[in-house]
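Asker: Residue strings, one per chain:
There are 4 protein chains.
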Amino acid sequence: MAGSIFGTLFQISTWGESHGPGIGVTIDGCPAGLPLSEDDIQLYLNRRKPGQSKFATQRKETDKARILSGVFEGRTLGTPISIIVENQDQKSKDYRNIMNIYRPGHADYTFDAKYGFRDYRGGGRSSGRETIGRVAAGAVAAKLLLQLGIQIKTYTKSIGPVTVPEADYDYACIQENSLYMPNNNYAARASDYLETCISNQDSSGGVIECVITGMPAGIGETVFEKLDANLAKAIMSIGSVKGVEIGDGFLAAAALGSSNNDSFYIKENTVRKKTNHSGGILGGMSDGSPIILRAAVKPTPSIAQPQETISKNGESTSLTIHGRHDPVIVPRAVVVVESMTALTLIDMLMINMSTRLDYMAHFYK
Amino acid sequence: MAGSIFGTLFQISTWGESHGPGIGVTIDGCPAGLPLSEDDIQLYLNRRKPGQSKFATQRKETDKARILSGVFEGRTLGTPISIIVENQDQKSKDYRNIMNIYRPGHADYTFDAKYGFRDYRGGGRSSGRETIGRVAAGAVAAKLLLQLGIQIKTYTKSIGPVTVPEADYDYACIQENSLYMPNNNYAARASDYLETCISNQDSSGGVIECVITGMPAGIGETVFEKLDANLAKAIMSIGSVKGVEIGDGFLAAAALGSSNNDSFYIKENTVRKKTNHSGGILGGMSDGSPIILRAAVKPTPSIAQPQETISKNGESTSLTIHGRHDPVIVPRAVVVVESMTALTLIDMLMINMSTRLDYMAHFYK
Amino acid sequence: MAGSIFGTLFQISTWGESHGPGIGVTIDGCPAGLPLSEDDIQLYLNRRKPGQSKFATQRKETDKARILSGVFEGRTLGTPISIIVENQDQKSKDYRNIMNIYRPGHADYTFDAKYGFRDYRGGGRSSGRETIGRVAAGAVAAKLLLQLGIQIKTYTKSIGPVTVPEADYDYACIQENSLYMPNNNYAARASDYLETCISNQDSSGGVIECVITGMPAGIGETVFEKLDANLAKAIMSIGSVKGVEIGDGFLAAAALGSSNNDSFYIKENTVRKKTNHSGGILGGMSDGSPIILRAAVKPTPSIAQPQETISKNGESTSLTIHGRHDPVIVPRAVVVVESMTALTLIDMLMINMSTRLDYMAHFYK
Amino acid sequence: MAGSIFGTLFQISTWGESHGPGIGVTIDGCPAGLPLSEDDIQLYLNRRKPGQSKFATQRKETDKARILSGVFEGRTLGTPISIIVENQDQKSKDYRNIMNIYRPGHADYTFDAKYGFRDYRGGGRSSGRETIGRVAAGAVAAKLLLQLGIQIKTYTKSIGPVTVPEADYDYACIQENSLYMPNNNYAARASDYLETCISNQDSSGGVIECVITGMPAGIGETVFEKLDANLAKAIMSIGSVKGVEIGDGFLAAAALGSSNNDSFYIKENTVRKKTNHSGGILGGMSDGSPIILRAAVKPTPSIAQPQETISKNGESTSLTIHGRHDPVIVPRAVVVVESMTALTLIDMLMINMSTRLDYMAHFYK
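Residue numbers (numbering that gives the first Met the number 0), protein chains in the order written: chain A, 0 to 364; chain B, 0 to 364; chain C, 0 to 364; chain D, 0 to 364.
Only chain A is shown next, with the shape it has when bound in the complex (with noise of 0.2 Å):
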């Protein structure tokens, strides 16, 4: 329980550091029969991949995912998935300097406390690179969900300041920008933002947000596997991320019972609500509304301008960061939201399955 591992019954394993030969994961229990391609991994990589825009790191990475095992004349065969994307543009001189000082805001000092001692090169197992094999098995979830009727998606809600209001929300303009803001006006503000941030030496953080529509009702356990309580370990467990909230979130903490309850009704034979500030999720369960969660991102920790801190020995340094280091890591986070949460969204749907004698009695007849 080093906790590399995720999922209860569709499971993954990630491995893989910063600047060794490769990252990768093992998909252990997706279902037989899926149609995949090593280009249904690749679309979603591609969405994380650096040197996309100006706003990320121009460390050089194809991130071309190779299938070696699980998959049979183009269907998954209910075996392990094991994909693999080997590391490149690994320039380990760039992180000498830093090798025995803690950078502030990054995991150096807590790896060191941890274990002793630390693959310092670009972060080692921290690095954002880590999440290459989340989105790996998040692009198979997300697949398996598309089959089941259930769409996610995600987009850059706010960069610093900038936030897009719901009411200009224009979801055919989240792959137009660089910053998948679902708004090109406010994604233009961004940038601006983030201009001034890099010419001022500094970064920036930013809110993601993921809307679930297709879900059935009933998804989720009623007590410490709630649907919502899952999301939040799933979206907390992303670096970076330090807030998670479903529907109105904190706002609901400062509203009155009256107005946070969603009225239920009936349309087309189904159960509705008028309102929904729940985000989709009831006592841990999905109430079939599009589920809605959100994740504050934190600034990137590593910014040129010098800082204070400490090395390895204890002594007082100051620090300065070359390197190739995104100003805000946002909008390459917006993948790895809808991956994990993909993820976790597949696994309460299976362990769901289970959930009735009628049901069981009616598969196994």
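Treat the hints with care, as some may be off.
Copies of the same chain look alike in the list, so a pair counts if it works inside one copy or between any two.
Here are the simulated DSS-like cross-link-like pairs (lysine-lysine), alpha carbons at most 30 Å apart as the crow flies [unchecked claim]: (1) Lys272 to Lys364; (2) Lys364 to Lys311; (3) Lys266 to Lys364; (4) Lys59 to Lys48; (5) Lys63 to Lys311; (6) Lys53 to Lys152; (7) Lys152 to Lys364; (8) Lys272 to Lys311; (9) Lys311 to Lys273; (10) Lys53 to Lys311.
It is worth saying that the hints were derived from the structure and are not from the lab.
With chain A fixed as given, assemble chains B, C and D onto it according to the hints.
Answerer: The following block gives chains B, C and D in isolation, referenced to the frame of chain A:
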């Protein structure tokens, strides 16, 4: 995996419906040798007991804990500790009129969607009484943590629009007001606000904050089992919680890297941070600073106002909820947040023990 | 992970010491909709109840089961089912003289080695009474299996040197003799053997066999979670079991491939095997034939003869065990083997439901 | 939970089909600080490599291990260790003729029953090559155990009817004969027996024995997670294993308590037993004596004789298997048994570390 079991090494298994014979929990994995009595558990249960203030349900329950196993001659044996609390004041008749109606903001509909039917009396398993098992186990976890020098302080940060600013915290006040706020003046204002809610047949949400001191650095795993990820799941698994944040949380999304990074320095031979925006966690591991988390709690969905909803048969209806309900559950949820936090911390501390070969070799030499 | 929890989707959590207030189990993950009463559980508990024959301990226990949660209006809710059995006839004084002595063949020494101290009264948690929780849960699992057309028959194959050959099996006899043997003549011989054991102040072991019919093909996972692997763990986790085999078991080690292979053929449109050396499992998955397993049970370690041993302080001593002990535990363990088998089967059937995309798509369409 | 993941704290995740690009394993939870090289793993892999004797398949595979992550500057980092072995000598054409035929004794039919289709080339995931992942991880576990003073010796106890009696054991011989038997004379007799099998186009089973020394007392949990229960699962999860026993195993079923009980005594201040019928485990916990287990391995199902069977379409057919098959797999399975044993032991040793409060308090003081 119906989700009433929590934890990896320190595992708890809870059971019980609101109007059944009782509620309970079994702890599997409590280390041997902890002095433990029913009083230790009662202290925690009393903090969530109903009927203690005008802002809590008037249901009368002594919530008396009995230990049925796992303790011998006053100390834990290392074997499962079974704790039971009998239900006494079940007024099931109160619920006849809503047995076929889906209360807005409750889990009635989602329970039916999942299982086909439900125990409608008092919310059954999704009643607030479900938390008795969490709190009884949390009392044991917290006692263990104290033996390791780790202390958890939990309190109400806000009720509706009334928020205590950090500058006005006085921890000594927490036990002095029935809302468990760290400032009696704000508590008085919040009481006034709640009076208004009651007279308007409405309810309020709020924010609970939790501060952990004494946690050694390096606790938490580095990828999916991050300390903050597990805390997020633990807290979000509490009914009515809609958001969780660590350290600066959602504020960090709008911050700059230069201000959000916490500089390291050395004092008295230990690594410290000049600020604590990270909330005591870096890269998923404790960094030695106080761990800070917040939970957003939605307003109690049971309000006395008439509400529009539907019946199980899909007919529109108006619902007026009678019975004994809290206008705000935040104060009673404080100890639940503390309990879930304690359960998470002790589990991750146990998992961490096998992290290094030198420690293992020393342990088994 | 102190190991009193068993199962992945159908999970049970047991608790209780021999001389504490009671013994119990909580089932988490029982599907909703199963008709269930205390009588269903009592039927199973009665099969392991003490005092029913001269070959079983004379401790008087009614072993009356109470269901405390998870059942509403006669059906399972899908929520945890808590079952409790009170201890009544605890004669703890019997154990004073052995509180500091390590009984040969018992867990006294290993308990102390692990935990530093132990509940010495009646073996505490390692008493045979621990199996009450397994059997109560097994009764529920077996009832579920029956609804899916799966039946388990369990019986005593041998007591000491008296073995019933397969050719002489008459399943109708199993309930006719107190040793649960499938042949009354052999049961009479075994009784004679046990009388001799008693007069010699000695005890006997034996072999329990279990046959499962109606299991669909393809159940069990292909690598570590093989059906036989999980059965082996389940059975070997029963105190006193020292060996487990499937189908021809150890005999297969001496066989030739040409005779050990089972030929496939088709009858009534289903795949069948001409022989069943495999014991119904191929590659870790059920093959549609009856599943056959055997457990080797060691002789009861509590014997009335004086034995040489040591005290907790390391002093040599001679021990004479008084109290109420079974000269053979095999007959009472029959229902324990059946219960552990049932728990394993239902869990693997549930896990199997998400194995194929076409099944999932049909389930969620 | 498709079952290619094993362990609780020391977790391995294996992947790979016989005729895919490769086979691999990821270890999550290896403590930091273990010196580890590819040579350490190669030593173990070489013991199961094909083509080393006339009794093993002549498939040519170098089975060269590459470490892709988790090791830095020669030591384990505490992060996942990914190990990959490329497949080289895949003669998939050999399998064309059996792609739609169910081989007796193989998992062809059960794979189809479970998943609807399968990778028919060389058994796909149920090939013996699947064990490469187990052995590569087992090498790491065994190296860790050695650092804790724990040693595992594994050997062939019998091949078909040729059994080495314990009195004739000479451990020095194990590496001297290609059958890994602890006596060269018996090995010669077994070779003769195997020659006869080959000339008869037949195959043989056998028994593997494993002895663990240096295990501290008290390891293993007391109810479901007994040390012997976990060993039984680990060993029974190896393809072709049909039985597992501990200590006297099935012989204990026929023994008397007076002879089966092991008397305790003290020597050099440690608790010892005059005999070891228990096989080093009492009440599910190690008792400080050598742990002894045996695995019954069935004859290789691939034999050159014509066999009656059916096709996927349900037609009767006669099958003659060509290709490269072992007349006995026991010698190559020796290291697999050793590996699964090592994996189980290290995991239970890690789990045991949080068993006592005094140990935890000392660890975290």
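Asker: So, for every hint listed, does it hold in this structure?
Answerer: Verification of the hints:
{"no.": "1", "hint": "Lys272 to Lys364", "verdict": "between (36 Å within a copy, 22 Å between copies)"}
{"no.": "2", "hint": "Lys364 to Lys311", "verdict": "between (64 Å within a copy, 22 Å between copies)"}
{"no.": "3", "hint": "Lys266 to Lys364", "verdict": "between (34 Å within a copy, 19 Å between copies)"}
{"no.": "4", "hint": "Lys59 to Lys48", "verdict": "within (9 Å within a copy, 39 Å between copies)"}
{"no.": "5", "hint": "Lys63 to Lys311", "verdict": "neither (36 Å within a copy, 37 Å between copies)"}
{"no.": "6", "hint": "Lys53 to Lys152", "verdict": "within (24 Å within a copy, 44 Å between copies)"}
{"no.": "7", "hint": "Lys152 to Lys364", "verdict": "between (38 Å within a copy, 21 Å between copies)"}
{"no.": "8", "hint": "Lys272 to Lys311", "verdict": "between (56 Å within a copy, 14 Å between copies)"}
{"no.": "9", "hint": "Lys311 to Lys273", "verdict": "between (57 Å within a copy, 17 Å between copies)"}
{"no.": "10", "hint": "Lys53 to Lys311", "verdict": "neither (33 Å within a copy, 55 Å between copies)"}
Against the hints set out earlier in the document, violations occur for numbers 5 and 10.
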